[in-house]
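Peer 1: The sequence shown: position 486 = 481 (this note's numbering), numbered continuously.
There's no promise every hint is true.
Pair ranges (Cβ atoms, derived) [said to hold, decoys possible]:
id, residue 1, residue 2, range
1, Pro531, Val322, 30 to 40 Å
2, His190, Val259, 47 to 57 Å
3, Pro542, Ile352, 45 to 55 Å
4, Arg469, Asp408, 46 to 56 Å
5, Thr201, Val322, 43 to 53 Å
6, Ala262, Gln208, 52 to 62 Å
7, Arg319, Gln424, 46 to 56 Å
8, Glu252, Arg187, 49 to 59 Å
Keep in mind that the hints were calculated from the coordinates and are not lab data.
Glycine included, every Cβ here is placed at the ideal spot set by N, Cα and C.
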Amino acid sequence: MSGSSDTGSSLRRKLFWLIGARVVIVTILLGSGVLVQLRTPGLWPVEPFFFLVGLSYALAVAFLLTRTLVERRRWLIDLQLATDAVVISVVVLLTGGVSSYFSTLYALPIIGASILQFRRGGLLVGSLSALLYAGVVVGQYQGAFEFLETRWSAIGQLARPPATLAFYMTGLDIFGFLAVAVLSGYLAERLRSAHVSLARASSEITDLQAFNQHVIEGLTSGLATTDRHGRVLTFNGAAEQITGHRVADVLGRRIFELLQLPPVFEASLDTTVEGSRRADLRFTTPDGREIEIGLSAARLVIPGGQSGFLFMFQDVTETRRLQRKSVAQVRLAAVGEMAAGIAHEIRNPLASMSGSIQVLRQELPLSAEQAQLMDIVLRESERLNETITSFLAYARPLRVSSQRFDLRRAVNDTAVLLRHSPESEDRHQIRVDVPEAPVWFVADESQIQQIVWNLATNGIRAMPDGGALVLAVRTEEVGTVTLSVRDEGVGIPPGELDSMLQPFHGTFAQGTGLGLAIVHRIVSDYGGEIQVTSAPDAGTTVCIRLPAPTPASSAAGRSPAPRFSRQGVP
């Protein structure tokens, strides 16, 4: 649509110039006719000559008014050019026919037709001009225009060459008309072809430039090109974001100082013929941030023979941090497996020692002080065994035996156990908030009970002066269930929310410090999400959202680590 619109606009513009040229030529003819009449009265008939001039002006106005219709009615162009040839033929007839000096005017509509209608138009108007001119000459010698000579005697008084010479001159003129038509048509076709090729090439170059610009600006890596002296020529948007420098501020600057490259890198780049040089370096942004950049540079040679450098770089700060974290996690995992093995080996002799102490306490006569020492050993052995058991539950992969059960039952059973637990006292109120309809879930029921038990015992310990503990179950959306434990205790300081799920981070005198870590481990295996809302003296709410897995997915292995979010209560 855009191409046809441009073509139509070009055609109307050419037609406008043709009409203007016609008016100019007619005006010149009018002026010359007036001068000739003033200097040599009666040389040719004035009345029909001025009539043709006026007719030409009228036709120019008519053609100008119909200029907008030529796109759909191209025959209007042919009509204009044919009218020009007819008017010129009449002028030639009135000014001596074969002897007229105005026969050269035939070349003008022929050239105009070639410009507007290309080879077809040039040949058409050239042929028409040849026929009209030949008709004028033949009619002149055959007496076909005697009625004009009778009306305007000046026409008959104009000198005429012999017939043979006249026809010879006419043949030369006709040959000239056709030669002009062929040549102008050929040149017009070549010009049109060149224009089309140029427009196509220009469009392709524009598209290619836009594409290259979009590609370069769309890169997530910083891209900079320099001349052979290292002065910046281009700097894409990603490079701006990484370095914090604007394009306007870096153009012309040396890339080595801009990217804070060491001198040894610049020296090695000067010796590079093929391939690229890579480097990892620290970069300080204008606002004082220190980041890590991974950079590669290579020599850039363009077809003109000039050379420069191409630099590509990325902000690898977060990538390097994750790599270091991954290495640390692998190391910690190995240490954890080793610690789990050691803990398992410790538990066996510990059980033997505890059993032996119990037998000795029963069979040996002990003083009160010795009995107290025996009790301390047994109590500490039991505490150590509990710690080792919790640690193994946290460190070793869980063996899941999934089955379908009602979450309400797990919560209610845990509440009953809590009410009869030594840690629960009369000042503690344990309430259960569950829906009336069953909340079916597929998992290891003992693991879900352990989640509720660990969170509930922490809630009771957080309320030394008493308070309400609420255990709740909800179904928020299809395939997701929510377990929540809310207490009215001392709360958790904001600075400890991020580390509360880490092993051995207990804040109470009782326990091993692994309860919440075990909860995190179980929720992690089920691909759940933990959200903690707490503040000092405002109580704590721990909300766990679990996706409802199928038995097959439960037995397949662990899910990704759970999302953990914390919120402080104002």
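Peer 1: State the violated hints by number, sorted upward, taking the hints as numbered earlier in the document.
Peer 2: Violated hints: 4, 6; rest satisfied.
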